[in-house]
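S.K.: With these hints in hand, go ahead and build the complete structure from the sequences.
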Amino acid sequence: MNSAKELSKELTVTNELGVHARSAAQIAALARKARSGVWIVKNGETVDAASIIDILTLACGQGSRVTLKIQNPEDINVFNDIVSLFENGFGE
Amino acid sequence: MEKGRPPEIVLTGVAGSSGICIGKAYLVDKEGVDLVEKYAIDRKHLLAEVRRFQNAVKAARDELLSIIESAPEDLRRYTNILETHITMLQDKALYDRTIETIQKECVNAEWAFKKSVIEVKAMFQDITDAYLRQRAEDVVHVSDNVMRNLTGAKSVKIRDIEKRVILVAKDLSPAETSQIKLDRIKGFVTDRGGKSSHTSIIARALEIPAVLALANATRTIQNDDLIIVDGTAGIVIIHPSEQTLEEYKARSEAYRRYRNFIKKAGKLEAKTTDGILIPVMGNIELHGEAEGVKIYGGDGIGLYRTEFQYLSRTDFPTEQDLYENYKEVVSTMGPLPVTIRTLDINGDKAIAYNGNMVETNPALGLRAIRYCLKNPEVFSAQLRAILRASALGPVRILFPMISCLDEVIEAKKLLNQAKRSLEKQGIPYDPNMRIGAMIEVPSAVAIADILADHLDFFSIGTNDLIQYSLAIDRGNRDVAHLYNPLHPAILRMIKHTADVAIDKGIGIYMCGEMAGESLYAPILLGMGVGELSMNPTAIPLVKSAIRSLGFGQTNDFIREVLRKDRADAVAALVEERYGDLVEDKAYFK
Chain X
1 MNSAKELSKE LTVTNELGVH ARSAAQIAAL ARKARSGVWI VKNGETVDAA
51 SIIDILTLAC GQGSRVTLKI QNPEDINVFN DIVSLFENGF GE
Chain B
1 MEKGRPPEIV LTGVAGSSGI CIGKAYLVDK EGVDLVEKYA IDRKHLLAEV
51 RRFQNAVKAA RDELLSIIES APEDLRRYTN ILETHITMLQ DKALYDRTIE
101 TIQKECVNAE WAFKKSVIEV KAMFQDITDA YLRQRAEDVV HVSDNVMRNL
151 TGAKSVKIRD IEKRVILVAK DLSPAETSQI KLDRIKGFVT DRGGKSSHTS
201 IIARALEIPA VLALANATRT IQNDDLIIVD GTAGIVIIHP SEQTLEEYKA
251 RSEAYRRYRN FIKKAGKLEA KTTDGILIPV MGNIELHGEA EGVKIYGGDG
301 IGLYRTEFQY LSRTDFPTEQ DLYENYKEVV STMGPLPVTI RTLDINGDKA
351 IAYNGNMVET NPALGLRAIR YCLKNPEVFS AQLRAILRAS ALGPVRILFP
401 MISCLDEVIE AKKLLNQAKR SLEKQGIPYD PNMRIGAMIE VPSAVAIADI
451 LADHLDFFSI GTNDLIQYSL AIDRGNRDVA HLYNPLHPAI LRMIKHTADV
501 AIDKGIGIYM CGEMAGESLY APILLGMGVG ELSMNPTAIP LVKSAIRSLG
551 FGQTNDFIRE VLRKDRADAV AALVEERYGD LVEDKAYFK
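Chains X and B, in that order, give the protein sequences.
Per this note's numbering, residue 1 is the first one in the first sequence, and the count goes up by one each step.
Per this note's numbering, residue 1 is the first one in the second sequence, and the count goes up by one each step.
Rather than coming from a laboratory, the hints here were simulated on the basis of the structure.
Even for Gly, the Cβ is constructed at its ideal location relative to N, Cα and C.
Heads up, a few of these hints could be off.
[Claimed, not checked] Pulled from the structure, derived: some chain B residues nowhere near chain X, Cβ distances all over 10 Å:
hint, residue
1, A40
2, K44
3, E83
4, T84
5, S403
6, I409
7, H454
8, I502
9, R566
[Claimed, not checked] Simulated pairs of lysine-lysine, DSS-like, Cα-Cα distance not exceeding 27 Å:
hint, chain 1, residue 1, chain 2, residue 2
10, X, K42, B, K92
11, B, K412, B, K504
12, B, K413, B, K374
13, B, K412, B, K424
14, B, K104, X, K9
15, B, K504, B, K271
16, B, K58, B, K24
17, X, K69, B, K121
18, B, K38, B, K58
19, B, K58, B, K115
20, X, K33, B, K38
21, B, K495, B, K564
22, B, K424, X, K69
23, B, K564, X, K42
24, X, K33, B, K92
M.R.: Below, the structure written as structure tokens:
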């Protein structure tokens, strides 16, 4: 499965409520713009970042560490936007 | 680690209807998946079914958008969650998944959608973070919107349940309880309601155990959980242990034996030790219950509530429908009297096809006689049907919710018109059919002397009389405990009504729940109430209580009762003097 072109980055959930519905919706909205798959991995479990429900079920509370991955380097803008969402704590 | 069996949980509520049942729980609410019908979709129509689902989602989305748009300025910050819901609507776990299921399994959209929702909710259940776990609620809210659009918000179809189960619901509406099939439903458990709420009355009529006002039964009990309903003690046991199960099986058997004994006791007449005969009658709701009144030894029907024929259909029943129904009750009862109460709708029995009347306070609104006088064509059909039934046996007519003289005069005017029209058509009826009024509104008590001049009898309806006099909603669990028939105000009102009736020489009966409590029999007899009508199952007990009473003694007793200043003091006095009348309660404690 591991493609050489795959991009990934480890991120930390900093906001108090964790990745709840609204923040998950923000991630999903960005991920839907991607041409190929965008994935979030936590404790070995991989989910589709375009699905708000999938993200929610990962249960990313404050302090959890996740890995963001994209399949296709063309989606680098989406990748960067999601990274900054995490980094500024979903604007909360 | 070994998974033990789930711990036994005991919930305490209000004892709505006596008896014990053991069985599997069936949750009746919008989350009960079984309530969504599954049916096959022909391949030709799959595309249309998918489109139907897409339209339902779009409609849900549009609703949410319009809510967001129309939100007032200071609520704007709360609309974020609605935007999230819109995103969720289009989520593949719900949206794509449902379409996939419709196409792959050739099933209807509701079923496919429900399946996706359940899968999503299951994913949330494993989350340990409490806040995030609760986000499952968002999924439920979202799915409710879509499901409502799909189903057109159909009500629960209890009639379609095909298993032997115990119903667990937040609340059951009269229209729902009217669909209950005895061979399917073993008992009821509800979050809301109380001893006198409609659900309890129905459960007692059907002789199935019920526990109400449990607050959070629907959240604690899961579909298919093994539960014990002890409707005598008012408790529900979830996941009972082996020991508890054995104990309850034995108790249930003892209760059955007791019931059999009691049925035999119903056959004897209710004559006081000093020879006064008190007719003990049954209240019924469905025509089929007349048979039960006879089995329990009832001396007639003191209250036939006629609402169900109106509630169980989408249009109004015809005169002929009503007549056929009344005819069956009258012929079942043979020579015994049948008291037919005219339509008492609205209040807690809103009729679906009149659904555009939203009343903020239905108990004080357009109900019963008020509704009938405003809808004379509906009323006249019933009056004619009752008159026609009166040709077949002793029928009495009873007008509900009378609060002023004009209502009696107006109702009698319509009754006379119905008589004349029958005469013209040569259709027989009893010209001397007795006419009575329910005494259940405090103003009727106050003007009892005025009303008595126009009537043949009074029938005291204690349930509403207490509710209206004490300003207590008997369905509200926070105040339900204040609902007390022994409140000195209530006792004085009954005494006044009875005194007036006796003075004017008209009949004085009681058909409220109070009449069915054997412990209250000495009070009611002492006040001169001449006939008691109750839930049929209470007849044998009340009859045996009357047989052990001396009418003369109760007259003296009542003077003592009326000197008491609080309900508690009255209760203590009755208990002390006549507590042995209800030793049956100890029988299955």
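S.K.: Compare the structure with the hints numbered earlier in the document and write down the numbers of the violated ones, lowest to highest.
M.R.: 3, 4, 14, 16, 20, 22 and 23
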